[in-house]
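Peer 1: One-letter residues, chain by chain:
Protein chains: 2
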Amino acid sequence: MSRTPPRPLTLRDVSEASGVSEMTVSRVLRNRSDVSQATREKVLRAAKQLGYVPNKIAGALASQRVNLVAVIIPSMSNMVFPEVMTGINKVLENTELQPVVGITDYLPEKEEKVLYEMLSWRPSGVIIAGLEHSEASRAMLRAAGIPVVEIMDTDGDPVDAVVGISHRRAGKEIGEAILKAGYKRIGFMGTKMPLDHRARKRFEGMTQALAKGGIEVADHEFYSGGSALAKGREMTQAMLERTPDLDFLYYSNDMIGAGGLLYLIEKGYDIPTQIGLAGFNGVELLQGLPMKLATMDACRSEIGRRAAEIIVARTEDPNVEIEERIELTPTISYGDTLRRG
Amino acid sequence: MSRTPPRPLTLRDVSEASGVSEMTVSRVLRNRSDVSQATREKVLRAAKQLGYVPNKIAGALASQRVNLVAVIIPSMSNMVFPEVMTGINKVLENTELQPVVGITDYLPEKEEKVLYEMLSWRPSGVIIAGLEHSEASRAMLRAAGIPVVEIMDTDGDPVDAVVGISHRRAGKEIGEAILKAGYKRIGFMGTKMPLDHRARKRFEGMTQALAKGGIEVADHEFYSGGSALAKGREMTQAMLERTPDLDFLYYSNDMIGAGGLLYLIEKGYDIPTQIGLAGFNGVELLQGLPMKLATMDACRSEIGRRAAEIIVARTEDPNVEIEERIELTPTISYGDTLRRG
Numbered sequence: 001m002s003r004t005p006p007r008p009l010t011l012r013d014v015s016e017a018s019g020v021s022e023m024t025v026s027r028v029l030r031n032r033s034d035v036s037q038a039t040r041e042k043v044l045r046a047a048k049q050l051g052y053v054p055n056k057i058a059g060a061l062a063s064q065r066v067n068l069v070a071v072i073i074p075s076m077s078n079m080v081f082p083e084v085m086t087g088i089n090k091v092l093e094n095t096e097l098q099p100v101v102g103i104t105d106y107l108p109e110k111e112e113k114v115l116y117e118m119l120s121w122r123p124s125g126v127i128i129a130g131l132e133h134s135e136a137s138r139a140m141l142r143a144a145g146i147p148v149v150e151i152m153d154t155d156g157d158p159v160d161a162v163v164g165i166s167h168r169r170a171g172k173e174i175g176e177a178i179l180k181a182g183y184k185r186i187g188f189m190g191t192k193m194p195l196d197h198r199a200r201k202r203f204e205g206m207t208q209a210l211a212k213g214g215i216e217v218a219d220h221e222f223y224s225g226g227s228a229l230a231k232g233r234e235m236t237q238a239m240l241e242r243t244p245d246l247d248f249l250y251y252s253n254d255m256i257g258a259g260g261l262l263y264l265i266e267k268g269y270d271i272p273t274q275i276g277l278a279g280f281n282g283v284e285l286l287q288g289l290p291m292k293l294a295t296m297d298a299c300r301s302e303i304g305r306r307a308a309e310i311i312v313a314r315t316e317d318p319n320v321e322i323e324e325r326i327e328l329t330p331t332i333s334y335g336d337t338l339r340r341g
Numbered sequence: 001m002s003r004t005p006p007r008p009l010t011l012r013d014v015s016e017a018s019g020v021s022e023m024t025v026s027r028v029l030r031n032r033s034d035v036s037q038a039t040r041e042k043v044l045r046a047a048k049q050l051g052y053v054p055n056k057i058a059g060a061l062a063s064q065r066v067n068l069v070a071v072i073i074p075s076m077s078n079m080v081f082p083e084v085m086t087g088i089n090k091v092l093e094n095t096e097l098q099p100v101v102g103i104t105d106y107l108p109e110k111e112e113k114v115l116y117e118m119l120s121w122r123p124s125g126v127i128i129a130g131l132e133h134s135e136a137s138r139a140m141l142r143a144a145g146i147p148v149v150e151i152m153d154t155d156g157d158p159v160d161a162v163v164g165i166s167h168r169r170a171g172k173e174i175g176e177a178i179l180k181a182g183y184k185r186i187g188f189m190g191t192k193m194p195l196d197h198r199a200r201k202r203f204e205g206m207t208q209a210l211a212k213g214g215i216e217v218a219d220h221e222f223y224s225g226g227s228a229l230a231k232g233r234e235m236t237q238a239m240l241e242r243t244p245d246l247d248f249l250y251y252s253n254d255m256i257g258a259g260g261l262l263y264l265i266e267k268g269y270d271i272p273t274q275i276g277l278a279g280f281n282g283v284e285l286l287q288g289l290p291m292k293l294a295t296m297d298a299c300r301s302e303i304g305r306r307a308a309e310i311i312v313a314r315t316e317d318p319n320v321e322i323e324e325r326i327e328l329t330p331t332i333s334y335g336d337t338l339r340r341g
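Just so you know, the sequences run in chain order B and S.
End of the first sequence sits at 341 in full-length UniProt numbering; the numbers just go up one at a time, nothing left out.
End of the second sequence sits at 341 in full-length UniProt numbering; the numbers just go up one at a time, nothing left out.
Isolated chain B, as found in the complex (with noise of 0.2 Å):
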């Protein structure tokens, strides 16, 4: 279809289309408390059939400053994200700010791309996931004299503001709760590894908290692909012909662990007994499954609301006194898949 855009309406349409002067219906339409109700209903309903629409760019202008929050995550395809931008939209949906959405595929390189086009906007605020920066994308965070809040993840020093859970401690519990239920052969499967830092801080915390009881653990298996469930079902597959006495399993995700519950099930393994499993994230999605895998509640929602929160106070008042590091505090859910100590 080959079409010329129609000519863009302005004043001077709404002002013929409703029979009221330009001046006027610009006051309306800047909200301006001058104007009868009578006049204003006129001007509004004649802009709402026309399907006229203000411009804000040279108000932005002025200000030096758009309505817009910077969002910058690694994922859509996953069910992290999606949860924290629920979060982000419920706070932002009752103000003038909107979020913009930025992709980095876990790569730092692609962070630096995105943060940079984002930042000629002239955003009002930045969000963006972790904590693990490239040089130049920090330097552009800290000149850019707009609140930043860095979430998901705690374990480190923010730029500015950040939201998270400390992945160290949340890998540290779940091995002091594997220890405690008194697992010794443990695997550990990772997806997106070594990329995604803050599943290799679990990781981490989990190896630690083992070496405490004197266990080392005994197989794992990093992945830098997708996180579906037929890749849990083959990774445990493989690891449990590698390893065949593992008595627990600790994956990076919950999509991956319930696809290794789904292949231990379907083994006629004894769980938690025989073999015990545990992931991360509380995907609500995965209730339902024929057993309850032992998760982490990831407190996404909840990270995206207070980044939110913290971006909204900070532009109506930049001098406001905010929280500069909000480390919430995730819980184990046992499920049926780890005993208790």
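To be clear, the hints were calculated from the coordinates, so they are not data collected in a lab.
Watch out, some of these pointers could steer you wrong.
Treat identical chains as interchangeable: a pair holds within one or across any two.
With a straight-line Cα cutoff of 30 Å, these simulated DSSO-like cross-link-like pairs (lysine-lysine) come out [unchecked claim]: (1) K56 to K184; (2) K113 to K42; (3) K90 to K110; (4) K267 to K48; (5) K110 to K48; (6) K113 to K90; (7) K56 to K212; (8) K292 to K267; (9) K113 to K48; (10) K90 to K292; (11) K90 to K48.
Since the structure is predicted, the reported quantities are computational estimates derived from the model, not experimental observations.
Fit chain S to the supplied structure of chain B, relying on the hints for placement.
Peer 2: Showing chain S alone in chain B's frame:
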């Protein structure tokens, strides 16, 4: 934390840090070719170390357009729209365009509000889910003077371009497959109904196909809550208690279908002989269940890709010839839960 934001960086800061004149710095940052390679590198290195990012708002004021693409979708929290977003991102990440995401929760009044907000930023294009919009939303889309692509669904009249599948036809094809396989007592379960127009159209398409074989839907349940495994279990159990002689269950999405499947397996139903099942969406995540659920791929990632390609082509040349109606063809995947007739 209370703090004064840093003074915004200017061309002069880059000039001082690099020892190159402001005019030359400006040339380098606008990618002009009349600067030596050595000078260019010096300037870019200094800009990177400082975290300097050029300001694009002024350019937008001149062109009356910003390089944002408004993407308006019902939800982030199921698996459908994140995959559409991934498709859109794959195309836009190679361009200057960035997606801005608005969420409607399947509510027309919220869609209207989100659209209004986004259009006030004069984006370069709009990608919006579905063909059903309020009159005011349609007026805004028509008047915007930018490429508009309605996605997911081709059963109706688009404002401008449309990329999707025919959900009526998808439902009809499943209905025909059910008839051909010899099932006679059919139940339908839908979530997000009646707000999800696409699920409604699939239901209508199936009903029509069954009617041609002289069969009426024996039971149906519409539920407007979430769509997790547990919901699929509950709905399936309730329906089979109410109508125990059903021999086929059609679900509005794969997640509730998978919940139903797990329930039926546990209860010892003989699938697909005693009872058959089908879902919708082709959610890749679900590969790895004990049996493969019959489904239909909704072409989500391709829909996102093709829609973004239209926006990109039209942004480069508003008069370019494009296909204004792209209907993709999903195919039935029979899996282990739908007999081949």
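Peer 1: Run every hint past the structure and note whether it holds.
Peer 2: Hints, verified against the model:
In this assembly of identical chains, K56 and K184 lie within 30 Å of each other by CA distance neither inside one copy nor across copies; the values are 62 Å within and 58 Å between. Proximity of K113 and K42 under a CA criterion of 30 Å is satisfied inter-copy only: 19 Å between copies versus 47 Å inside one chain copy. For the identical chains of this complex, K90 and K110 are neighbours both inside a copy (27 Å) and across copies (13 Å), given an alpha-carbon limit of 30 Å. For a Cα distance limit of 30 Å, the shortest separation of K267 from K48 qualifies neither inside one copy, at 62 Å, nor across copies, at 55 Å.
In this assembly of identical chains, the alpha carbons of K110 and K48 lie at most 30 Å apart only when taken from different copies (15 Å versus 41 Å within one copy). Proximity of K113 and K90 under a CA criterion of 30 Å is satisfied in both settings, with 27 Å inside one chain copy and 14 Å between copies. In this assembly of identical chains, the alpha carbons of K56 and K212 never lie at most 30 Å apart, being 59 Å within a copy and 54 Å across copies at closest. Taking CA atoms no more than 30 Å apart as the test, K292 paired with K267 passes in both settings, with 17 Å inside one copy and 18 Å between copies.
Proximity of K113 and K48 under a CA criterion of 30 Å is satisfied inter-copy only: 12 Å between copies versus 39 Å inside one chain copy. Taking identical chains as interchangeable, the C-alpha atoms of K90 and K292 lie at most 30 Å apart only when both belong to the same chain, with a minimum of 29 Å there against 35 Å between chains. In this homomeric assembly, K90 and K48 come within 30 Å of each other (Cα to Cα) only inside a single copy, at 26 Å, whereas the closest approach across copies is 35 Å.
In this structure, the earlier hints numbered 1, 4, 7 are contradicted, and the remaining ones agree with it.
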